[in-house]
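Chemist: The primary structure of each chain is shown beneath.
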Amino acid sequence: MKALFIISGLGILAMLAEIFKFKRALYPLVLIGILAALVANFTEFNNNESIQAFNNMIRFDNVALAFSSVILITAFLWFILANDYFTNETSLTDHFSLVLFALTGALMLTAFSNMTTLFLGIEILSIPLYVLAASKKNDVKSNEAGFKYLIMGSFASAFLLFGIALIYGATGTFDLLAIRAKISEGMPLFFYAGIIMMLIAMCFKVSAAPFHFWAPDVYHGSPTVIMALMSTVVKTAAFVAFMRLFLVGFGSATSVWAMAMAGIIALSLIISNMTAAAQSSVKRMLAYSSISHAAFMLMGILAVNPIYSMRAILYYALAYSVATIGGFTVLYRVEKQSGNTYDDFNGLAKRNPFAALGMLICMLSLAGIPVTAGFFAKYFIFTALIGSTYKWLLVLAVIMSCVGVYYYIKVIIAMYFKKPTHQEPLLIEKSHTLLLAIAVVLVLVLGLLPNFVLSV
Amino acid sequence: MVKLIGFVPLFPLLGFLINGFFGKKMSKGAVGFIACASILASFVVSLLIFLEVHNSSAQKATVVELFSWINSDTLKIPFSFLVDPLSCLFLLNITGIGFLIHVYSVGYMHDDAGFSRFFTYLNLFVFFMLLLVLGNNYALMYVGWEGVGLCSYLLIGFWFKNDAYNRAANKAFIMNRIGDLGFLLGIILIFMNFGSISFGEVFNKASSVSTGTITAISLFLFIGAMGKSAQLPLYTWLPDAMAGPTPVSALIHAATMVTAGIYMVVRSNIFYSISATASEFVAVVGAVTALFAALIGLLQTDIKKILAYSTVSQLGLMFLALGVGAYSSAVFHVTTHAFFKALLFLGAGSVIHAMGGEQDIRKMGGLKKALPVTFTTMLLGTLAISGVPPFSGFFSKDEILAHTYEHSKLLWLIGSLASLCTAFYMFRLMFITFWGSFRGTHEQEHHLHESPKSMTVPLMVLAALSVVGGLLGLPEFFGASNFMSENLDTVILRKNPSILSHETEWMLMGIAVAVALSTIYFAYQMFVTHKVLPAEKESEMKSFQRVVYHKFYVDELYESMIRKPIDLISEAFYKFFDVQIIDGIVNGIGTVSMWKAGIIRKLQTGHIGFYIMAMTVGALTILFFSLMN
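If you read the sequences in order, they're chains G and Y. Each residue of the first sequence is one higher than the one before, counting from 1 in this note's numbering. Each residue of the second sequence is one higher than the one before, counting from 1 in this note's numbering.
None of these hints come from the bench; they were simulated from the model. There's no promise every hint is true.
Said to hold, decoys possible - Only part of the chain G face toward chain Y is listed, based on derived beta-carbon distances under 7 Å:
# : residue
1 : Ile196
2 : Ile200
3 : Pro306
4 : Tyr308
Glycine is no exception: its CB is placed at the ideal position from the N, C-alpha and C atoms.
The task is simple: from the sequences and hints, build the whole structure.
Modeler: Laid out in structure tokens, this is it:
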């Protein structure tokens, strides 16, 4: 709860920084603020009092705290990654506040217990992102990305609102628990239409097929650091919202949405992995890979035991975010030096052994090779699903993770077995080296001690 | 104090991390200091814990759980350490001798380019070895087991520019894998039958499981021990492992790692006590290995290889002890053997150091004067290993042979013959190396020098230990209490009391001493008085000698019986199965996927109108199908 106030306060502070001329101090302030929010989260953990606020529209229970901590950790790492974005690519402190407001929305999405707060959270998260996607003002691609994102995002919001309206019409309440209680009394058909409308809107937000079309274009057009933000912090937040909505709110109406969701997952797995395999740009490959990981996480929602699946998703979200941030750190530097195709990674092992090693471990984790965290992430999701009726989906997922290995290993092959196309060494500044080291350590520690997160 | 057990493996781990990450940037002095200090620190902690455990009257075994490690459904494995007299004894062995060898290595490796890499590996080894000994369940033991195997591989191939050394490292690793597989199967079998792999739980339930199952488990575990402790038929890697730097041979391939198999069997003693078949098997393998390796040792000319075969032989003796149920005697011999064999290896290292890398004893001779400290200490070690009273080896070996006599006269005879050979080849080594006149080149003679203090001091300490180590396990009829067997009293779950009369024991002892002394006299006559030298060329050897010199052609046998057929089969599989079928399927799938991917990729047109249309079509389809139900 306190984390939400700290982060929104920071956002407002960032807007004042330009006027009161403490721009220089802003960056460290933001880092300290995020850490403070994390500490606040830890103090509230297992503290069952005063977890509700705003007429019970927000509930910071343990699940919310755990997921918001994952988001804050990722955001902290992201700020280290993005340090020169704030100094070189933009001079406006507004960008700080945009990111921080997006983060506020993300925190809200971990804790909503009412459909109003869900909608608010989604919009608070999305609107800054439309701006950030277009933040390279002189780049046509970036403008296009922002514009596309806005139009399609609004389209999805319309679905969401329509769904909320239908459900409200049937139940007369916005409160998730109240809705859940009412489902058993029997509902008219348009109530279920409302659930499906919301499912579609949420699938758009986590970029599941066939509502994923925006993602590759928007990701590719946005500045790389913004893409990193979108595929980690934003994705995790959208995911928790999805999970809370369907496991808590519509958990007793699985017969309506589960089959549709299984179909969406299957389609996403096939499209994302197949397309990722055919990319020549690492950045675009990561865009599709983020769709594929979204599908893997969605599988967790289908599992029979909601507590186990929440843990599995929590672990997956953390493992995925950390490895992705690590991967983006290297991609960001390589892109700055030459470009973002596979060829630009050629011979990286010679040009910067440490970066290549970091990338190697992050890629192995994304591909799900043991002892990295990615392996256990997939393992937990698969075991969560094994008791359910969706075993065919499990088979498909295993096959598709094999396809995934192909395109992640391609990066490794380029780094270690190909002759460098650019001879000059790749320079990485200290903060990024540190970031990569943190990411690698986290990937390995999470992989070696998976129970650490699961015991939460 | 026992709660601090976590620090014992932590110090070497820290040493490993510091030297591993920053070793190249630090001075050699700093690297050596960190490596030695970390082992010394864990020795001090181990010693304090040992004393506490020894002095506590009641609860001798303490389990310290550090954290929950694996928690998956029915398989729950905590990361916990078992502190009891047995593990404490091994801790002292590992850290104590480990420390001396670290100090020695500072001198020995001083001019080597891989100085920091060497200490990094060495610290890592000690860490894994401590994990192996401390683990309170088979899984943790297995982690240590594999870890020391890895370090052994890295250190045998330490001078990786030499291809032969790399092959030796590979050989050690592969041979050990065979054993490890057996060990792993044993662990799986334990888990299947007991539902747990924690020592306490398993051992408590051991008597409720059928004897057949226990025999299977014991045999699988013993296969693991055969690999790690170099027993027939998996012993051939150990002599080749001498390719590593000499301190490695002393630490890993004599004093600690190769005794892991003994530790494992002693730890699982309840299984072997229940299954008479398995014990019998262990005893026979041990006895045969002891004699077989000792015979090969008789004709070797490489100073380190002699010691290597001697190690194999002594390990065989320890397994013989385990097989006849004399667990504490085996541990006693592990301890004394660690003292004198580490000493002998380090002494050999000192000789090799002085000879500028020469290892062939035919090229040495008369080194007594040039290397007085090395000579004296090695002589003490040789007396100990040959079983001359009152040196340490005499007591431990005598205890083993007495227990064997009780069990089977035939095995006793084999064991005694092995000891006879041991006394012979060890004194052959001493006489040829240190007596007579120098046979090397003129340059070598000029270069001869005693090793620096950092090398000779560990030698002296180990020599002292080899002399007095027997006090740890004085026979009962000497009127003293046997520290070793009393100490291990709580660890050995089923004991078979000695039924031997004191007269018989005196007699056996007398025979052993007489045999040892006469063998030494015989060796003296042969090598000092008559100055017999090992043959330079094969043609000078008699036919049996040639067979022994060629180590009974075991390596050649393995080569033609196992390696060549496997090569042929895998070649055939590769050509047919791999290239035709597997590659065919994989490439087929790849082609299909790429073709599909090409189509799917075209959907990403960039036109927002198309995207929205696709979304709407998708939404309508889902709505339609969901609401139809």
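Chemist: Mind checking the CB of G:Tyr308 against every CB in chain Y and telling me if the closest is under 7 Å?
Modeler: violated, 11 Å
Chemist: Going by Cβ atoms only, is G:Pro306 closer than 7 Å to chain Y?
Modeler: violated, 18 Å
Chemist: Would the hint on G:Ile200 stand, with a C-beta cut-off of 7 Å toward chain Y?
Modeler: With a closest approach of 5 Å, the G:Ile200 hint holds.
Chemist: Min Cβ distance, G:Ile196 to chain Y: is it shorter than 7 Å?
Modeler: holds, 5 Å
Of the numbered hints listed earlier, those contradicted by the structure are 3, 4.
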